[in-house]
Amino acid sequence: MSNVQLSNSTLERLAARRTFPLHARTSACRNLFGPVDHDELNREMKLQLREISERDQRRWNFNFETDTPCSGDYEWEETPVESTPVFYQDSVQIGRRRVTVPVKAKQCLDMTPRDCTTQDVHTPRPVEDRLSSPEATIPRTSEVNQENCADKLNSGKKSRKSIVCVRRKRTSTTDVITTTTTHITDFYMKRKRITNSTETNSLKAFCTARL
Amino acid sequence: MAQDSGVQYEPVAEIGGGAYGTVYKARDRQSGQFVALKSVRVQTDQDGLPLSTVREVALLKRLEQFDHPNVVKLMDVCATLRTDQETKVTLVFEHVDQDLKTYLEKAPAPGLPASQIQDLMRQLLCGLAFLHSNCIVHRDLKPENILVTSRGQVKLADFGLARIYSCHMALTPVVVTLWYRAPEVLLQSSYATPVDIWSTGCIFAEMFRRKPLFCGESEMDQLGKIFEVIGLPAEEDWPSGVTLLQRNFSPLSHRPITEFVPEISHEGADLLLEMLTFDPQRRISALSALDHAYFQEG
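In order, the protein sequences belong to chains A and B.
So for the first sequence, the UniProt record's numbering puts the first residue at 1; every next one is plus one.
So for the second sequence, the UniProt record's numbering puts the first residue at 1; every next one is plus one.
Calculated directly from the structure, the hints in this document are not laboratory data.
Misleading hints may appear alongside valid ones.
[Claimed, not checked] Label pairs and their computed distance ranges (CB to CB):
| # | chain 1 | residue 1 | chain 2 | residue 2 | range |
| --- | --- | --- | --- | --- | --- |
| 1 | B | D45 | A | D39 | 17 to 27 Å |
| 2 | B | K61 | A | P80 | 23 to 33 Å |
| 3 | B | Q296 | A | R50 | 36 to 46 Å |
| 4 | B | E94 | A | P80 | 15 to 25 Å |
| 5 | A | D39 | B | Q65 | 47 to 57 Å |
[What the hints assert, rightly or not] Under the rule of at most 30 Å between Cα atoms (straight-line distance), these lysine-lysine pairs were calculated in the BS3-like manner:
| # | chain 1 | residue 1 | chain 2 | residue 2 |
| --- | --- | --- | --- | --- |
| 6 | B | K225 | B | K73 |
| 7 | B | K106 | B | K211 |
| 8 | B | K88 | B | K61 |
| 9 | B | K61 | A | K46 |
| 10 | A | K46 | B | K88 |
| 11 | B | K88 | B | K106 |
Cβ coordinates follow ideal geometry from the N, Cα and C atoms, glycine included.
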């Protein structure tokens with residue numbers, strides 16, 4: 001029984017290392033809900049973001065990414081800042097400071113209304129391309145950013161958030177359920193044993209703590 | 001809608017020379033209402049949006065449920081990822097044509113009638129009392145942040161976002177107006193709801209004068225200009241633990257406020273002095289100000 005447990009904990013530790021590559025050796029870290037599929041999580045997050053963007057775009061018939069109006073109920077126009085209250089001017093926030101920008105000149109934008117298709121959201125923005133600084137292309141940077149985000153979520157510091165993510169993953173996609181073999185009941189069992197505190201279990205608790 | 005496809009947007013001429021940006025504004029064909037976009041580009045790190053920004057947005061959305069008539073309506077918040085380091089947060093606000101600054105500039109020669117000033121002040125204080133009761137300190141109240149609709153309705157703007165400003169603002173090269181800053185802010189001692197009442201007092205005076213009351217060029221200069229009017233406060237009223245000391249200023253006794261705001265009524269002058277009280281603890285609150293005898297005049 002204890003052998004099984006030990007091998008279980010080894011597996012757990014390995015899984016934890018994969019899940020928290022940076023965190024594994026730094027402080028106590030328990031892998032409560034099984035390994036996280038980061039690729040899956042990334043796809044999930046991107047899908048959610050895209051859905052939100054599409055919803056915003058449909059509601060306002062305006063593409064917020066490219067700053068281009070689409071056709072719809074709202075009749076958009078671009079007005080020079082001088083003829084509108086200062087309050088509506090764009091601003092940049094750096095750290096905790098905020099600066100009103102007449103910084104970058106916006107180039108001539110094509111104001112012809114376009115269809116608010118999902119295509120607009122997916123593909124790199126034509127206007128942005130013309131204007132943008134030599135920073136990396138959009139799809140790639142967003143991917144990196146989300147990866148970072150996912151790591152943070154599972155760093156053990158914000159455990160509540162990671163629970164939410166895992167849950168969302170389970171409920172929304174069926175194929176993930178088959179790969180995720182850890183159940184919440186497994187976790188309850190082990191917790192109980194640790195609190196019973198036999199010698200092997202306290203050793204195991206120690207090992208887990210050292211992970 | 002079939003007619004929609006027929007509407008064409010004319011290509012707008014290139015905005016010349018890198019000087020100014022534009023503001024997107026739209027009319028809802030169904031309701032006839034106007035909306036405008038305000039983008040805030042937020043620098044992000046690996047944690048994503050700064051927590052302060054997320055909190056501000058949440059607060060703004062929560063306030064929206066009260067639908068206060070003297071607060072600018074926030075219709076939506078849309079975030080788009082721009083790059084790794086930057087997220088663009090676009091706020092969809094109701095659009096109001098002018099702010100109090102242009103409203104005062106446009107007022108014909110003798111200035112605004114007393115009754116109109118009273119009405120504007122009542123609305124301004126109503127909006128402020130609402131924000132203060134929700135524990136929001138505007139911190140940057142000035143004529144540019146007070147919108148006035150064509151029907152004379154006052155709407156406070158830029159408040160939630162103003163909280164993102166910090167006291168370090170003074171250290172940045174960006175020019176920020178000091179004219180409406182409370183003495184305790186200039187002295188970097190405390191920042192609570194009374195700071196907005198001070199600004200409101202300055203704006204009250206400006207409605208009569210049609211020019212700002214205290215136009216300082218530095219913190220020191222601003223304080224000097226304030227003391228020329230309200231007099232140098234007694235040493236025991238001076239906040240403790242601040243760099244600038246009372247003895248750094250030349251002794252001045254207060255002068256009658258009507259010297260600076262001649263058109264103001266007796267009750268109006270009394271309210272103004274209550275607002276321009278040096279000690280934030282003794283300064284009148286927005287709610288008490290609404291009960292002031294000045295608002296019974298008519």
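Verification of the supplied hints:
1. Range check, B:D45 to A:D39: Cβ separation about 23 Å, and the 17 to 27 Å hint holds.
2. Checking the proposed 23 to 33 Å range against B:K61 and A:P80 shows it holds: the Cβ atoms sit about 30 Å from each other.
3. Distance hint for B:Q296 and A:R50: a CB-CB separation of about 58 Å, inconsistent with the stated range 36 to 46 Å.
4. Distance hint for B:E94 and A:P80: a CB-CB separation of about 20 Å, consistent with the stated range 15 to 25 Å.
5. Under the hint 47 to 57 Å, the C-beta atoms of A:D39 and B:Q65, about 39 Å apart, miss the expected range.
6. Distance restraint check for B:K225 and B:K73: the Cα-Cα separation of roughly 36 Å exceeds the 30 Å cut-off, and the hinted pair is therefore not satisfied.
7. Between B:K106 and B:K211 the alpha-carbon distance is near 12 Å, which keeps this suggested pair within the 30 Å criterion.
8. Between B:K88 and B:K61 the CA atoms are separated by roughly 17 Å; this keeps the pair inside 30 Å, and the hint holds.
9. Distance restraint check for B:K61 and A:K46: the Cα-Cα separation of roughly 24 Å lies within the 30 Å cut-off, and the hinted pair is therefore satisfied.
10. Distance check on the hinted pair: A:K46 and B:K88 sit about 17 Å apart at the alpha-carbon level, within 30 Å; holds.
11. With a CA separation close to 34 Å, the supplied pair B:K88 and B:K106 exceeds the 30 Å bound.
In summary, the structure is inconsistent with hints 3, 5, 6, 11 from the numbered list given earlier, while agreeing with the others.
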